[in-house]
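There are 2 protein chains.
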Amino acid sequence: MRRLILLLTVLLSFLSISAQNKVERWRIYEISLNGDSNGNPFTDVQLSATFSNGEHLKTVSGFYDGNGIYKIRFMPQITGSWTYTTSSNSKALQNKKGKFECYSNTETNHGPVVVKNTFNFAYADGKPHYSFGTTCYGWVHQGDSLASLTLKTLANGYFNKMRMCIFPKDYDWNKNEPALYPFEGKPLTDWDYTKFNPEYFQNIEKRIEQLDSLGIEADLIIFHPYDRWGFKKMDRKTNDFYINYIIARFAAYKNVWWSMANEYDFMNEKKMDDWTHFIKLFAEKDPYNHLRSIHNGTKIFDHTNPLLSHASIQNDETFKAKELRLKYKKPIIYDECRYEGNINWSWGNLTAEEMVNKFWRGITNGGFVGHGETYVNESSVKRGFKSQDILWWSKGGVLRGQSHERIKFLKNIIETAPGYLTPVVNFESWMPYSAVSYKDEYFLNYYNMDQPLSQIVNLPEKSKYLVEIINAWDMTITPVNGEFSGKSLIQLPQKPFTALRITKISK
Amino acid sequence: MRRLILLLTVLLSFLSISAQNKVERWRIYEISLNGDSNGNPFTDVQLSATFSNGEHLKTVSGFYDGNGIYKIRFMPQITGSWTYTTSSNSKALQNKKGKFECYSNTETNHGPVVVKNTFNFAYADGKPHYSFGTTCYGWVHQGDSLASLTLKTLANGYFNKMRMCIFPKDYDWNKNEPALYPFEGKPLTDWDYTKFNPEYFQNIEKRIEQLDSLGIEADLIIFHPYDRWGFKKMDRKTNDFYINYIIARFAAYKNVWWSMANEYDFMNEKKMDDWTHFIKLFAEKDPYNHLRSIHNGTKIFDHTNPLLSHASIQNDETFKAKELRLKYKKPIIYDECRYEGNINWSWGNLTAEEMVNKFWRGITNGGFVGHGETYVNESSVKRGFKSQDILWWSKGGVLRGQSHERIKFLKNIIETAPGYLTPVVNFESWMPYSAVSYKDEYFLNYYNMDQPLSQIVNLPEKSKYLVEIINAWDMTITPVNGEFSGKSLIQLPQKPFTALRITKISK
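Chains as they are written, first to last, in numbering that gives the first Met the number 0: chain A, 0 to 506; chain B, 0 to 506.
Isolated chain A (complex conformation):
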């Protein structure tokens, strides 16, 4: 009888594990376990699993996903055979074992993004990642129909990163209630902060996956100040509880980035000690060391903090990327440099021209730049500012502007450069222009919105170069007749948005 019970237990324990026996490298190996749904599974149950390929051990936390189901997600970074063993204070979840095969990543899977060569990014497989982000803060909280439209827009390949809030947002043009709430309870503020709403997080996971399928990184904003539900005021313990939960849920998605905050300095509820604590918590608890950043309102964070992978800047002087590189010795992303749009706030009424200009100036100074779009229509102005209009920046949907096509044009130029581009030291240092280069093989010079009829370029004497005139607005690339070497006078079309792409002629 005891044997029978043991056998049944073993059988049941296998049955309760629904897991694949193979997984692609950098994809998710998920263990699903049935467990106790009494009491408060979120707080009562501890669950983790240790994965091993014989050489490396990695312990990852599990989480309660509702309806008596517990999950553990693992993103294998090494191909080959893996085994695991669970550990829990709940007998039903304790000491579950399994094995699976991790096979090579397919061609479209490059793995998570990491910092490369101090100032740049690459996917784990070595492919360079040039960050061209956009912002739809509340897009995951708008329901399927609008999310589908957003994804359809994104499928056009303008961007490879999305800044998005985990918590719903309360702000002009974000006044509707979200479809779901992160905690059990009732809006506006009657929450049981000890119980998550798994559906809420499942929805976000679906969006993270959808972004990933489009090659887009999900730059998840952990906290933000625009809130009417009380989530910005949670205490330290609740914040940690929340962070541990989202690490357990989201960290196995390869395209996840952690942004501690949007506009940390606008959150009076939190002190500097909170932010350094959160950064540290992610650094300690995320098994995969996803990129970590924190985004400012007006006061730029001290990005020398070694646990921050890159500087996430709000400031419209993208040309200062060169200075910030020296200051922080990290990749510099101007995630917010004002948005193309027409709203009454100055951060959201740039012309498309200025948005494009800010991208070019950031890039040719060795930084990366983020896009946003904030167009309202006239009837909305008449109705007032709290309307339900769908602005890309707030909810996603469609793009109405003119900058995103030009950003894609620039993205294509950068992605087809021969390597990571570095600011050219002393390039016309007293002039407001900038240039980046790859060794002596490739130069990209940008002359802003000025209109020179000519420029002198100082090329290495020992090689010959092809020169192409780019118009960043018209999206044209026109070769200049001849081959150039040394100090060269290039005639230009006397138009704003002129750039030069200069490529060494191989012998």
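The set of hints was computed from the structure by calculation and includes no laboratory data. No experiment lies behind these values; they were computed from the predicted model shown. Don't take every hint at face value.
Each pair may be met inside one copy or between any two copies, as identical chains are not told apart.
The calculated DSSO-like cross-link candidates involving lysine-lysine, where the alpha carbons are at most 30 Å apart (straight line), are [what the hints assert, rightly or not]: (1) LYS185 <-> LYS438; (2) LYS174 <-> LYS486; (3) LYS279 <-> LYS319; (4) LYS232 <-> LYS70; (5) LYS298 <-> LYS319; (6) LYS326 <-> LYS298; (7) LYS115 <-> LYS174; (8) LYS503 <-> LYS185; (9) LYS236 <-> LYS326; (10) LYS494 <-> LYS174; (11) LYS326 <-> LYS284; (12) LYS126 <-> LYS174; (13) LYS326 <-> LYS438; (14) LYS319 <-> LYS494; (15) LYS410 <-> LYS494; (16) LYS70 <-> LYS98; (17) LYS494 <-> LYS407; (18) LYS461 <-> LYS270; (19) LYS231 <-> LYS205; (20) LYS486 <-> LYS236; (21) LYS90 <-> LYS410; (22) LYS506 <-> LYS461.
Here the structure of chain A is known, so what remains is to put chain B in place on it, guided by the hints.
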């Protein structure tokens, strides 16, 4: 016999004085005396005259004008009867006396410009002077034909101040030799620095007068760094000799301003002590206390120097006028904020749009802005950069750009405002926009090159206002229907260059 000689001497002394017996207020009363032309009249002869209207005494220096003729120029600032007595170490020039009547200024004569209400300018008769300057550094050295063309252009009323060098200029597009040289001797560098060439200064005086007849102030640049003749390297004694001479010659012209230098910090030959010395010299020697400034290259001068009447700035961030007002407590003129043009130097290839934008941003931040234009044509680029092309900024001539008409449009708006405009404190302080106002009667708000579809304006509650939408580029002024009061939502055309003119409705 002694009596006869005495009589003859007296007669001759009267004959040798050619002077009017009346003069308009703020115009020039000139005494011309025949004297000795032996030796070096520039160094040997001291000459001055003391003018009195019974209440005020004013002593002014005379100067040698060549061919045995000595002159004393006086600009009476008070109407009524004046007498004078000369004083000289030369007997022929000594103790000459005369009298004349100063009559009221005519309608077109407002007198010299002075500082008014700390941050502004006015003519001596009280009429406000809003500085809208331009720059033709070498225009007086290009001969009559081109000067006539320059004056014809200026007659269109775009500008009311001209920045111009006293010494000839050596720079790209200023490579031709001047028609005249300021000293006796031979070019390039063989000069007798003890002997001026009166013709050289007569030519400049003619230009100063011609400008005055168009209502244009002559902002005379005393020293500048672009020189191949050695004038920038003169020693302290020669510099003082030169300054005393131009004060004696030019100071009586009501429209003269003294600019110690263009780009003082680019003149390695001179030290800070030289500049403070020159400023002091003008303050001591100029009988009329004409406006005094010094213009920087990259390092802004310390304009807190109490002997400087206003700050003459080179910097393209004209929106910082508001800050500079607080710093210097003087009128702020951005005499150089880059120029409209197409040359290879970034300071001379702004689009007309940016030039206009810089004017509006400067003005709506409580400053003044200067214009310049630097267009070359394509053939010039092919020939290289030292060509003889006539650029407005270098030599005058015609204007080819698109900013000057818009500057005139703005000038007209400012000149028809009800009074001096002051930056609105805390106007959307976190936004990049700016506004100036006259009391609670008049507001001028500018929204840069952004494209808001609406803006909220905070008007006083107790009055009603008319709102007009200005497009600073299209040069249109369109009234908004209705009367506004308190916090008002204004619909805008979603175009760059939008400004609002808001005028209180009188009861």
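Evaluation of the provided hints:
1. LYS185 <-> LYS438: neither (59 Å within a copy, 52 Å between copies)
2. LYS174 <-> LYS486: between (58 Å within a copy, 22 Å between copies)
3. LYS279 <-> LYS319: within (28 Å within a copy, 40 Å between copies)
4. LYS232 <-> LYS70: within (29 Å within a copy, 83 Å between copies)
5. LYS298 <-> LYS319: both (15 Å within a copy, 20 Å between copies)
6. LYS326 <-> LYS298: Classified as both: same-chain Cα gap 15 Å, cross-chain 24 Å, threshold 30 Å.
7. LYS115 <-> LYS174: Neither. Shortest intra-copy (40 Å) and inter-copy (51 Å) distances fail the 30 Å Cα cut-off.
8. LYS503 <-> LYS185: neither (64 Å within a copy, 51 Å between copies)
9. LYS236 <-> LYS326: The answer is neither: 34 Å in one copy and 49 Å across copies each exceed 30 Å.
10. LYS494 <-> LYS174: between (42 Å within a copy, 27 Å between copies)
11. LYS326 <-> LYS284: within (28 Å within a copy, 51 Å between copies)
12. LYS126 <-> LYS174: neither (40 Å within a copy, 54 Å between copies)
13. LYS326 <-> LYS438: within (22 Å within a copy, 45 Å between copies)
14. LYS319 <-> LYS494: So LYS319 and LYS494 pass the 30 Å test inside a copy (23 Å) and across (27 Å) alike.
15. LYS410 <-> LYS494: Classified as both: same-chain Cα gap 21 Å, cross-chain 27 Å, threshold 30 Å.
16. LYS70 <-> LYS98: within (16 Å within a copy, 108 Å between copies)
17. LYS494 <-> LYS407: both (21 Å within a copy, 24 Å between copies)
18. LYS461 <-> LYS270: neither (56 Å within a copy, 43 Å between copies)
19. LYS231 <-> LYS205: within (24 Å within a copy, 72 Å between copies)
20. LYS486 <-> LYS236: neither (63 Å within a copy, 43 Å between copies)
21. LYS90 <-> LYS410: The answer is neither: 52 Å in one copy and 84 Å across copies each exceed 30 Å.
22. LYS506 <-> LYS461: within (12 Å within a copy, 78 Å between copies)
The structure is inconsistent with the numbered hints 1, 7, 8, 9, 12, 18, 20 and 21, although it conforms to all the rest.
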